Structures are given as structure tokens and as C-alpha cells.
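Asker: Using the sequences plus the hints, can you model the full thing?
In order, the protein sequences belong to chains A and B. Each residue of the first sequence is one higher than the one before, starting from 0 at the first, in numbering that gives the first Met the number 0. Each residue of the second sequence is one higher than the one before, starting from 0 at the first, in numbering that gives the first Met the number 0.
In short, the hints are calculated from the structure, not lab data. These figures come from a predicted structure and were not determined experimentally. Heads up, the beta-carbon is just placed ideally off N, CA and C, and yes, glycines get one too. You can take every hint at face value.
Chain A side only, calculated, beta carbon under 7 angstroms to chain B, not exhaustive:
hint: 1; residue: Asn704
hint: 2; residue: Gly753
hint: 3; residue: Ile759
hint: 4; residue: Pro791
hint: 5; residue: Thr818
hint: 6; residue: Gly820
hint: 7; residue: Phe821
hint: 8; residue: Asp824
hint: 9; residue: His828
Derived pair list, reagent style DSS-like, types lysine-lysine, alpha-carbon separation capped at 27 angstroms:
hint: 10; chain 1: B; residue 1: Lys213; chain 2: A; residue 2: Lys767
hint: 11; chain 1: A; residue 1: Lys634; chain 2: B; residue 2: Lys169
hint: 12; chain 1: B; residue 1: Lys247; chain 2: A; residue 2: Lys861
hint: 13; chain 1: A; residue 1: Lys862; chain 2: B; residue 2: Lys862
hint: 14; chain 1: B; residue 1: Lys767; chain 2: A; residue 2: Lys169
hint: 15; chain 1: A; residue 1: Lys213; chain 2: B; residue 2: Lys767
hint: 16; chain 1: A; residue 1: Lys247; chain 2: B; residue 2: Lys861
hint: 17; chain 1: A; residue 1: Lys862; chain 2: B; residue 2: Lys837
hint: 18; chain 1: B; residue 1: Lys247; chain 2: A; residue 2: Lys767
hint: 19; chain 1: B; residue 1: Lys169; chain 2: B; residue 2: Lys189
hint: 20; chain 1: B; residue 1: Lys375; chain 2: B; residue 2: Lys39
hint: 21; chain 1: B; residue 1: Lys835; chain 2: A; residue 2: Lys767
hint: 22; chain 1: B; residue 1: Lys634; chain 2: A; residue 2: Lys169
hint: 23; chain 1: B; residue 1: Lys767; chain 2: A; residue 2: Lys837
hint: 24; chain 1: B; residue 1: Lys861; chain 2: A; residue 2: Lys862
hint: 25; chain 1: A; residue 1: Lys835; chain 2: B; residue 2: Lys634
hint: 26; chain 1: A; residue 1: Lys554; chain 2: A; residue 2: Lys525
hint: 27; chain 1: A; residue 1: Lys375; chain 2: A; residue 2: Lys348
hint: 28; chain 1: B; residue 1: Lys767; chain 2: A; residue 2: Lys247
hint: 29; chain 1: A; residue 1: Lys247; chain 2: B; residue 2: Lys862
hint: 30; chain 1: A; residue 1: Lys634; chain 2: B; residue 2: Lys835
hint: 31; chain 1: B; residue 1: Lys767; chain 2: A; residue 2: Lys835
hint: 32; chain 1: A; residue 1: Lys861; chain 2: B; residue 2: Lys862
hint: 33; chain 1: B; residue 1: Lys767; chain 2: A; residue 2: Lys166
hint: 34; chain 1: B; residue 1: Lys247; chain 2: B; residue 2: Lys39
hint: 35; chain 1: A; residue 1: Lys767; chain 2: B; residue 2: Lys169
hint: 36; chain 1: A; residue 1: Lys861; chain 2: B; residue 2: Lys861
hint: 37; chain 1: B; residue 1: Lys335; chain 2: B; residue 2: Lys348
Number of protein chains: 2
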Amino acid sequence: MQESQTTTSIPTTTAKKYVYTFGDGQAEGHAQLKNLLGGKGANLAEMSRIGLPVPPGFTVTTEVCTLYNQKGVEVGFAAIREEVEQGVATLETIMGTRFGDPGNPLLISVRSGARASMPGMMDTVLNLGLNDEVVEGLSRKTGDPRFAWDSYRRLVQMYGDVVMGLKAEKEEEDPFEIIIDAVKVERGIKDDRDLDVADLQMIVARFRTLILEKTGQAFPDDPWTQLWQAIFAVFESWNNSRAELYRKLNQIPAEWGTAVNVQAMVYGNLGNNSATGVAFTRNAATGEDLFHGEFLVNAQGEDVVAGIRTPQEVTLEGSRRWAKLTNVSEAERASKYPSLEEVMPAVFKELLIYETHLENHYRDMQDIEFTVQEGKLWILQTRNGKRTGAAMVKIAMDMLQQGMIDEETALLRVEPNRINELLHPVFNPAALARAQVIVRGLPASPGAASGQIVFFADDAEVQAAAGKATILVRQETSPEDLRGMNLAQGILTTKGGMTSHAAIVARGMGKCCVSGAGEVLVDYKKRSLSVGDVTLREGDWISLNGSTGEVYAGKIETSEAGLNEALDNLLTLADRHARLLVRANADTGEDAQAARVFGAQGIGLARTEHMFFHGDQILAVREMILADDTAGRVKALDKILPMQRKELEGLFAAMHDLPVTIRLLDPPLHEFLPHEVGNQQEMADILGVSLQEVQQKVMSLSEANPMLGHRGCRLGITFPEITAVQTRAILEAALNQKRRGIVVFPEIMVPLIGRSREFIQQEAIIRKTAEAVFADYGERLPYHVGTMIEVPRAALTADLIAAHAEFFSFGTNDLTQMTFGFSRDDIGHFLPVYLKEKIIDADPFTTIDENGVGRLVRDAVKKGRRVRPDIPLGACGEHGGDPVSIDFFHRAGLSYVSCSPFRVPIARLAAAQANIRNK
Amino acid sequence: MQESQTTTSIPTTTAKKYVYTFGDGQAEGHAQLKNLLGGKGANLAEMSRIGLPVPPGFTVTTEVCTLYNQKGVEVGFAAIREEVEQGVATLETIMGTRFGDPGNPLLISVRSGARASMPGMMDTVLNLGLNDEVVEGLSRKTGDPRFAWDSYRRLVQMYGDVVMGLKAEKEEEDPFEIIIDAVKVERGIKDDRDLDVADLQMIVARFRTLILEKTGQAFPDDPWTQLWQAIFAVFESWNNSRAELYRKLNQIPAEWGTAVNVQAMVYGNLGNNSATGVAFTRNAATGEDLFHGEFLVNAQGEDVVAGIRTPQEVTLEGSRRWAKLTNVSEAERASKYPSLEEVMPAVFKELLIYETHLENHYRDMQDIEFTVQEGKLWILQTRNGKRTGAAMVKIAMDMLQQGMIDEETALLRVEPNRINELLHPVFNPAALARAQVIVRGLPASPGAASGQIVFFADDAEVQAAAGKATILVRQETSPEDLRGMNLAQGILTTKGGMTSHAAIVARGMGKCCVSGAGEVLVDYKKRSLSVGDVTLREGDWISLNGSTGEVYAGKIETSEAGLNEALDNLLTLADRHARLLVRANADTGEDAQAARVFGAQGIGLARTEHMFFHGDQILAVREMILADDTAGRVKALDKILPMQRKELEGLFAAMHDLPVTIRLLDPPLHEFLPHEVGNQQEMADILGVSLQEVQQKVMSLSEANPMLGHRGCRLGITFPEITAVQTRAILEAALNQKRRGIVVFPEIMVPLIGRSREFIQQEAIIRKTAEAVFADYGERLPYHVGTMIEVPRAALTADLIAAHAEFFSFGTNDLTQMTFGFSRDDIGHFLPVYLKEKIIDADPFTTIDENGVGRLVRDAVKKGRRVRPDIPLGACGEHGGDPVSIDFFHRAGLSYVSCSPFRVPIARLAAAQANIRNK
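Answerer: Structure follows, in C-alpha cells:
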């Protein structure tokens, strides 16, 4: 009684619509029905609905998947049987062919299509409808028996693989590939393309035998059995273990289900009135507003990709341009490589209509796949075209000007990271074609560079003085290498990740860097590197692509890139739409000037320790570290003071009228000490102590986990004189520049605060020193004292800290290290596996982890604002230049981000996008 | 108009009472008025109120401090003038002396007394009322001119120092001490006590000149001026910069203010009917219920401390015991060292009444300071007496039995940490007296140990085999040293803190350890250590006190300690009152058995990697690590499996009927690798590879920050075969023991989880392996899979993790490291300064940081319970054995704590106390 009264949530077969057809310029579905039709199904319906001639088909809805998996195959079958049969009948009508008719066969594809793309599920079965009889009919109809039998071979293989479950875990155990390899060996053939009709027939026969033996069931000759089993296999695959694990990891509900797309197949290889090709509504390389494309007569899509035949241009204009570039005469072009416009003018005309229609519909540059089957044009797919960074910028600004899109859309059209391509040198494409990739590392800092190998930073200096271009190759870099890094063309390291010392410094300098090329073995003694069989020595040429991580042996010419007008306009537009300000991380006057050119609105992070490596500062710094007592440290600090002051004057000058945040000494002191005996002896001589004493001090300062050791404000607390002298340098520099008429806003930042008491103690020293400086100068100036929030404990107790700190700057590098417990220098041992196994979606040092680290940031923002409502909040970790992270920082309510100068344009655009997206 | 209508919050002088008198067995205040009278004032009032003859006095309330500092000296003075004058008159009446009367002078002390003790404030001025005239009167009255002039000297010095502001920042710059030193030089004297009356007179004169020159004001001869200035100085000192900084650091509101205590001074050195002494209501060493004490006739309190004269016993019984122990004849005793009972029978009788009264009033053993001035007994102070751990336990259980206190009070009376003294060996006191402390390190693991020095763990093994007692001395220990550590009597390290490897392992073994003795230089090559001028070589005897951190040259006899009956009763009582269960961290069957003896209710943490060092496992482990591929690792793991299984069988056997939590491999693999060439060569031979290959592998596994590197579940994720084999070992061991009739509850714990996906992946491997094991055995058993919460990100996302994990165990060591960004191996560089400067109150690795780390724990508890309401929650870091942290864990709602076996009794008591305290 009870049961029969409840309204069942699973629809019965009578009323419900389970199949949505499309084709012939019409569709029952549309783009908004993604939940019901899956992504692929909704897209096919939309293309058909706007009048494109897509090959006809129908989509079995995701609801059927749920029905099938809950109620079983019989209920599922009953629910859709009529609609599917009706759907196939419609295909037959539109295509003028018949499913299973050897004389005029309709071939069909079946594809899964969930709401979100989901690996592990059954994907695709092509050429359904073929059997021993139909294949002969297809052979006769196309006059191409090899094509017919290869299509059949593929059907049996895919069907056996995904429908009948003969998928092997490892590629080398795939039973079908084992058969193909065996036949190739028997026939003495190396390339699949050399298999002839007889070979293919033998392979098909062996495939069928394999299936029967392994599964106890024969490959079905009946096309309808093929179709139904393929549909059911898609539903089954929704619940296989790989798909389940993926759903669990990605929190996709099992109830979503998957749709099934059934579509007629079309062929561009049915004779000379058939063709296949691809076209673009604008130029994907330059952005130029010019329709163009490539095609091949009597060919399949894969022939275009395979590159055996030279593709022809779609437009006559494009064809003539191509001929000119490749030195082909007009006569030869017209006879051997005519354009589609020439050989199929009607088809071309139709295509022109669609390309205009498509660009106007999608309001973006389209990449269109088409096939001409016996004179009839089919549009297989259209999508927003991939393009270079330069094209991205130009197309967006052109379309804005053409009134096709509004400002916000134009800004959203450009992927911020792709702006990199406009800011850094690139390899000359012709030269690149001849170059050999010897290894691939991490794309740590974009751009292209070529130079002669040096293994020591000092050598880079020597070679630079001699006017030579060098690439500095190190296992890893340290602050000692800074000068050499600055003088080299590029940096290659074998250890360390995207946020290693080398990577961060290189990005700051706008210098090309490939890091973590683990396969490269560096032998410092022999001054050589080896990777596989290749050995390169000091002085040999090597080239790096910091945007891709590729490393080449030899010299490759590069061409410089610079800001262009379209980009300038785009960024000016971006600033108008952004709420977040963008500052730069800069440690020198030159950096700061570069940052200003790129549009930085202040310095968010000046690392005083980076200045330590300029000139002779490092000697005084080492003297300070090696001192045994306060007096010794003060003596050394007195030497450092005027040098720091001078550096800071340069920063203030470049940032006239803008704020400059200066961080007090942060890294472990060990990083500044000499690690080579020569340098150690030099220090011993300067200090008048024995080499052994210097070595002992170096040893005593080494730490098990320096990242969690004696650094940041812990230095200023144990050695208060460091804080005092640095404060003095900052405020004297500021006052000196103020006297020269420069408007300065110094912000003194205490690093690595974890407790409010640490800040209170450091602030007391800073304020006391400031008063002393102001007394010396007889003049005051406003300044702020704030802190980094980079230790989890600081985020957790941000309210207590904000009671004293006048600003926060989130140091998300360290915050990520400590929140995850990931040392950024050591993640190379496991991060690749994490990414591969999808345990993590992105390197958390590149893109901020919103659920964990982000939670701390939000918490700290809330607590900080509660105590000090108008507290300025910034972010100055590497994430400050990452567009995804910038979106988060915008949502978290920060005031500004700070990044390396060369990422400022990227951040400006990302800040605008964040504001637009989150309105 | 407006102003006059508002009711002012600062009271006017008319109605308000500002001064509270005490003395003569009466008091206007009492113990509950701490906010008004300060801690000291409230206590003096209470003692007087219960009838003790405390020297009379009065307290000026904290409200006056606020009034003074807000309205100024005139208002303050006017407010209390009458009451203070009245108060002094009362003192004169009670004491029978007069303030400023040279013939019969009343001397007065002024002391500050805030609600909380606060460094940086003016503290004490004694002997107020003396001047050039009165000092002569005092001299005549006491017949002791030296005493009179020394009292005067002290007054001028203290007054000049704290009232007139001549305090020097550094001790060596103290102008008064400089004068004293000068006089000593002039007079050729070394000891202050050799200064005679003339010297003291000269010093007083120079002090007065100094004050006049430096301050422009003379030292006031008028006693009333002295008194008023001293009172005002206390109020002024509330706002000095040191006190302000302290308040800021400790969040003490400025409005609290401080009280001022003005009290008559009494003297025990006014002739043979005067005396001074100290008495205890019970024995502080053993807890025996016997009144006793010591005194000196015609002496001041400091004479008792100085130890120049032999103090006499208070009771006759005590005196006779003392004579027997020290071989003094009864005749000599009675003549030279008679008891107070004998020499001042009336005073003794009165004292007896007070001691009984005091113990009954405070219901605890009392430590009473008394002075007899010319036949009149004054009680200066009474407080709960300090006592040994053994006395603590005995007194608490005795008083419970005597009906003086209830069970909860008895449990709260014992400081859990002091139980240590009952569990570990102690030095024989007589032998200790002759020993020389050469250095002091950290008290890393309690107990006393003596042995011959070895510098290498292997040598400890060799010596142990020869029956020799050794102390292992290392810069730091590593897992390689485990076997040797177990065989040594004690461990001394020069690096590392309270939670270094050596410290943790030693505590787990219940073995004495002193860590971080930084002044000791170890020379492994020469096999010697040096500290200052002392050099000790291999084979020399050395002794360690792990409870104090003291290190002695030479051999010192130790006596064993064991559980006693009173402690047993206390702990049984504790279990009845506790809610938190106590488990043990144990890695071997022996550890587990010990833990059970100490009352552990299961194993909360078994570290599988510790088993790696037993027998030949380490070779197989190294083989696994050095393997190049999965196959190689599996081969080595197959050797490890039976060894781990056997170890685990021992654990399960010891914990019959109780849960055993086993953690999968956690530390960085690098820790297991051979670091010495000999061991490296051995591995090379076993693996059949070159030494160089082994060395390269060792190098490639080294990490910049191993604590944040490739460890924990990151190992199981990159090498899933490790997880699988460890799971197999655990469940096979459990099934084997189950077949033997042992009831097992295995809990498999995945370490270092930071994301739920990590756990999902590891759990899948564990479940799959479990099914395979159950299939092999044809038998199942229940088991749980859970995780450590030790990465901040895990705490932040505990809800996501709890959806999969069946239990949480907080690993607060790592959680503290990452939340603070403190490497526990490296904090030695800055923690001492942090503690000294009060930037941190306690080592966060010893006592959990409730505001930061605790917030993460609470957050994770809340989130975990929301998703899985009955999730078992434990804590297995070092904090699991720390009473303060246990109190927090109780409040945070955990189910159990787990600590090293020897701390289980401490934790059981602490758990009971936590429950009682937080009821």
C-alpha cells in the first residue's frame, strides 16, 4: 500500500523524453541542457540549432544512465528502444544511407559524454554497422578496399577493447596491438601504413578469434547488436573502478550519470568530390582579421595531421601568400596546390557563410573542422581557436573596436599568462626547427636564451666582461650566485622547482630559467654536464626555452620582444576595471624602474638581503655573521649601513610618489657564508682569524631544516642591532630623498612573525631607532611598520598581531610551505607523482591552495580587519603574479598584490579579470 | 553644566576606604580582595585574619595607584594622607615603638604588590625610618652598631636605587656597588662581611654624596618623607617603560594598578631572646607526618641561608635525630645545639599551636618563616611547603586517609611531572656531594646515569656485551644509533632540543638523557670531548642527571627507584577520576609490556620505522631504498615483511584486549641510509653495485628541509608497495595472534596527510591488501584505518578527511613545527633568547601552544566530529605526556593521549586532574 502510493523519482518509460535528436540544421536540445545531454551532446545540439550542417545524430540522456544502473539493462532497454530506433531511422533519412545495408551503408559512432570530462570511462567506438558483408559493400562504394578494411579493423579493435572488456592495464600488453605487431613481423613491415588489404583481413580475422577465445562470445555481426552493446557499455563504464575513484577524488556525484552520443559518420575520402580540412576565422599567430585554413582532397582528418601530403590553402589569397613564402610559382600552385575557393567554389562559398555566422554567434575567433563528402559540406566541429599571446591581445582589442564585444569581454579574452610571450625573447622559428631538444626541465622563468655554458657564477662575470653570452648551469643556485645570474643570458638548474631560488630570482630579473632538469648530471670538477649520451663542456653552446622548459644543445638565434600598442591599450583598460592594485617585488633601483615601466603602483617587497650581494656588502655581511659578540656585529653593520642606504635611495627615487615596502633581513644567515675554501680563507684573512675558526662558524650555523630555523624576525630578535641598523638605513635613505624633493612612503616590514610579541619587540626597536634618526635629521616623515603573514600561527592569531602591525603582507610561499609541510626545494621527489595521480590539481607554489592556505588567508583578513578595519593587505609571494591566485586574493578582499616586475602586466590584467568575474 | 552632572568614575576622597590595616590577629582585608589589595596584601591580611602574629602593617589599595597616575601626586596624597598616618600610628601602638624616635625606633618596609607579579616595577625598600640620628639609637638599642649601620647602608642604597632613580641598566654600572667595591679595594677586603662599622659609615656618607650629586636632591633624613616618597615611587614605577612593555606583552590592563604594602620590620638579632627560623609541618623529603624545623638564636633570616653557623633543630625529637645522624653526642647537642623546644619552650609551644592551626587551615603541608624579637614570636610568612615527588604523593595520600582532604584535592596535590622522581634512578646524595658539574644541558629524559664514554653506537654495543656501563656521547643521534642507545646507560648530545631524536627516543626507553649541551665540543676523530678546560676521552667515566640537565665528570653511584604503594593507590584513584584514556607510544613488545605495567590502555603510536633497526632489517630497508625500480623494492620488502610481522606479533601479544595503533613508514628515507663509508661499502657489496652508486643515491636522497620533504604518506604514495607490504605485515601478525587466542584491535595509521585525496589513495591500497590477506587466511578481523593530523592543512580540512578516516591522532610535534615554522632541531639558535625575553612563555614542543596550535586542534576536532560524530581522537606527540597539554587535550574533547611508557603514570594523573579542574 505504502509503496504504491509514493511517487517514484525514477521516471517511467511512458511520458519521459530520453533521446534528443540533432542534424539538418535543427535540434531538440541546446547549449543549456548540459546536465541532461552532457557537454558533448549539448554542444552538438547547439551547433545544429544555429543552422550548421553537422552530421546528424541523437543524444541518449544522462537520466537513462541512472535508470540503467539502478534498474538494470532490461528496464533501460525498454525505456529507449523506440526512441533510438526512431533516431537511427532519422539518420538514415538525412544521410540517404541505411544502417546495415551492404549496398549503401550508414556507419555510426558512439561516444560517452558526461557533464564533466571524466577519464576512465568508455570513450569512443567508431564505424559501428560494419561486418564481413557490409565491409565489402563499403569497399565497393568507395572504391578503396584498404580504407574499408582498415575501418573495419578499427571497429573490431575498439569494440573488443572497450565494449567487450579486453582493455589491457599496460599498453605493451594490449592483445590487439600484439596481433598487429605479430603480423608486421611476419610480413617484414615496419609502418602500419604499409599493411595491405590482405594483411588487414588477416588481422580482422585474428581479432575476431581473440575476442571469441577470451570472452566466450563472438564479435557481433548484427549492426543493431553492435549499437546497443556500445550504448550499454558507456553506461557500464560510468561505474567502473577507475571512474569511481576519479569521482571520489573529484567529488562528482554518481547520480550525475553520463549521456551517450550516437552520430552518423561522414568521410572526406570518398573520391575527388570529397575533402577534409580546418579553417580559422582570424589568424591564430598574429591575430590578423583574415579568414584562412587548410584542406586535402579525398582524405581523412588524420591525413591532414600525418603530414604526408602537403595541405592546400582554403582561400585563394592565402594560397598565393603561401606560394610566395615557399617559392612556388603561380602556375605550379594553381595546378598542384589550388585553393578550396578554386576547386570547390560552391562549398567554399557555403563555408564563408558559416565562418562569418560562427564568429558572430560565438563572438570569438573560431577553429572549424569540416569534411566534404561527395560534394556535401559537413561541419564536424567548431571551437574557439587556440592562438598565440600576441593574437589573443590583438583579436580582443580588434573585436572591441569592431563593436563585437564589450570591454569586460575583451579583458576576459586574454589569458594573462600568455602576455609573457609579448614580453620575453623567443627563438627564431627557422633556427628552432634545426635544434635538438636534449632534456626538458621546469619552465621556471619565461623567454628564450642561448649562450656558452659556465658552471660557476664567477665565470659568468668574467665571460660577461669579455662580452660573451653565457648560460649558468648549476645543481642549484644560492644567493652567492646572484651577480653571476644577473650577467648570464639564462640559468639552468638540475634541482629545485618552480619556486626554487634560481626560479624566483630569474623571474625577478626577467631572465630565462629552466629549473629542476633532474636528468642532467653536472660534474663541477670536470666542468661538464651530461644527459643521456650527450656531454657538454664549459664553453659549449646551449639554449633554453624558459616558457616550455626545453633545453637544446647548440646555439639558436632569438628575437627580442617588446610591449606593443595593443597590449598597452589592453593594460590601460585593465587598470580601469581592476580593484586590486599591483605592486612589484624589486630590490634595486633598476628593478624598480623596470617595474614602473610595466605599470607597478609601488614596491610591495624589497628584500634587503638581496642588496647584500651588491658590491662589497657581502664581505661586511659575512663579517657581521662571523662576529662573536654584539660589538663585532655593530662594527660590521656600520659598514653595511651606507651601502644599504644608497641602494634604498635608488628604490625611493624610482618610486617617487608611491609606497615602498622594505622587508628586514629574512633568510638564514648560513646562506650568506662562504662555502668554498677560497672564500673562507678570504674571510679568515679579513677577520684576522684562522681558516678553521671560519669553518667552525659556518658549520655551527648550518641547520637541519633552515626553512624552519633561525631566520626572519628571529634574527632581529636575537641580534636587535640588525633591526636597528636596517631601520636606520631605510629612514636615512627616505629622508635624504625627501630633501631632494622625492615623495617617499616607506613601509618597514618585519618578516616571519608568528606571535604578536615578536612584533611588539621588533616594533619597539624600529620606533626607537626612527626617533633617533629623526632627531639626527631634525626632521620627521611618516612611515608604517607592518608584517608578513607567512607562518600559519600568524594567520591564526592575526587579530592579536593587527593590534600592533599597521599593514599585513601575505607571504604565501612560506605559508604554503608550512601549511602543507612541503619544502619547495624538495617537492621534486613527490610532486610529479601527486600531479600524475591527481592527488593535487596544481603545484601549490604556483597557484594558491584555496581550501587550505586560502582558508588561513581569509581567516587572517577577517581577524585583521576586525581589529584594524582599514589595515592595508597585500600579497607578495610568488602567487602575487599568478592569475588564478590573483582571483582568489581579489575575492579575499586584499588591497594589492606584488610580483616580479616582468609579471606586473600579467597581474594588472588578472586583477581586472578578477574584478569583472566576481562582480 | 554637562561636566558637573556626570558621575565621575574615579572616587573622591571623602567616602572611599583606601587603606586596609592588618596585624595583632586582625585584618580589614582578606584573601578574596586580591584585585584591591594585590596578591601580597591579600595574603598578609588573610594570615592576620586567621590569628597569626604577623608584623602589623597596612595596604594602600590599587585604586590609589590609578588615582595617583590619573590625577597626580597632590590628589593622591590628599586621598590617603589621613589613613596612612592613622595606619602608622597603629603600628606604633602594636609594636610599642615610634617611627623616627631615635630612642625606640619603628622601622618600616614598603613593598609593591600588584594582582600579578610584574617585573620591572619598584619592588622593596627596607629599613625606612633610619637616618644619621636614628641609626645611633638602633645601634644602642641592639648593642650591634655594625647591624645598625649595615641596615642604614641598605636603606640608602635601596632608596637611591629605586626611589631616586639611580638604577643602572647593567649590574657592573651600579654606582652604589662601584662605591662598595672601591672601599673594599681601599681597605684590602674581599668579602662584604669584613666591612666594619667605620667602613659602613664611610660608604653611607659616599652614598649620600652620590645621590646629591646625581639627582640634585639630598637623601631625606625625615622618616615621613622617606615613607611618602617610597609609596609614590611604587605608583610611579607602575608606568615605567619596562613595566609597560611587560604589560603589553602579557596583556595586563594599565587600569589594574598596584597596591603598596607598608609593614613594621621585626628583627631576630636583638639579643639572645631573639631568634629566626623556618619550620615544616611535615617532612618535605619523605612526606612523613612530623613537625620539624631549624632556627638560629640572635640572627637574621639571611644568616640561616648563609650557612656560616650551624642551625639548630626546632623540636627536641628532631634535634636528637640530627645528633645521631651527625655523630654529635647528647651532651654536646644539649649544650651547643639545643632545640627551640628547650631554649624557648613558651615560644615553641605557641609555634606548635600555629603549625597545627596552619595545616588545618590551609589543609596542606606548611613552610613557616618565623622571627622571635625579644621573646615575642612573629610569623613572617607561611606557604605551602616545597617537597620531593615522593613526599608529594605520600602527603596527599596521608591527608586523604586522615580525612583532611577529599579525593579530588589529593589528586590535585601531586604535580604529575614530579612522579618522575619515583620512576627513575637518582644519584646517591652522598656521592653527589663530591661530584663536579662540568656543564649543563637540557633535561631531556629524567633519571641519573653513570658510565664510560663511548662516541659511537656500535661501541656501546661492544661494551655492553662486555658487561660495561656506557654513556653514549654524540653531537646528535640518528635512527642508526637506536641499538646502541638502548644498550647505553644514558645519552648526552650537544645539539638538538627537548624533542630532538635523542630526547624522544630516550624518553621512550625511559633512559636518562641530557641533550643540547652546546658547550661540549665532541671530536669524533680523537674520540674525546672537551668543555672549557676539561677534556674527557673514550672510556672515561661521566655521569648525567637527565632530570636537571647536569653533567658530571667521574662516576657517581645511583640508587634505583620503583613504584611504591602510595603511588599505586594514587594512580588507581586517578583512573577513577579521569575521562581521557592514556595509551603508550611503543615500538617493541618489551616497550609495550613496560607500558602495560605502567597502566597504558593501549598503544597509541607504534612507529614501524623504529623496528627497521632491529636485527638485520636495516639491511633490507637500505636495499629497498637503494632499489631503482618497483621490482627491486618489492624484492627487498619481501625480506622486511616477516621481520615486521614478528615485531608486531610481540606488540599485539603485550596488548591483548587493547587497541594497537600502527603508523606506516614516516621519516625521510635518507635517515635509514648508511652515512659512513664502511656501511656504504657493505651496502654496495650486498647490492652488487659500486660504492659510488651507493654514494650517489645517498646524495640524491638528501634534502634541503627533510622535515618538509619526502616522508610520511608521500612515501606510500610514491612507492605504493611500501604501504601494501606494511599493511600485510600488520594484518598477518594480527591474524596469527588471533589464532593463538589473543584479542587484537589493529588500527592502521597513515602519517602526514594534508589532503583527503592522499588518504583516499592510501586507504584504497590498505583495503585492497587487507582483502588479499583475509583471502589468504580464509579469515577476517575488524581493523580501522585512520590518520595523523599533523600538517596544518589537515587540521584546516579535517571535515574532508574525516569523511574517509576512521580515527584521528594529533601529531602535535609536527603540527607545532609547521604552525610555528620552528624546526625542533634548530630552535636552539633562538629559543633561549625567546624564553629570556618572554617572547614565548614555554618551549612549544614541551607544552602545547593553545592559542595557535591548539586552535588548529580544536578546529579539527569540531570539523571531524561534524562529519563523523563518534570518531576516536587521540594525541600522540610528545605533548601527550605533558600535564599542561593533557589539560588542553581534555578540554578539546579528545578521547585519549599517548605518550612514552615511562610517562604513562604522569599522564594518568594529569588526565584525572584535567577532568577535576574542568568540571
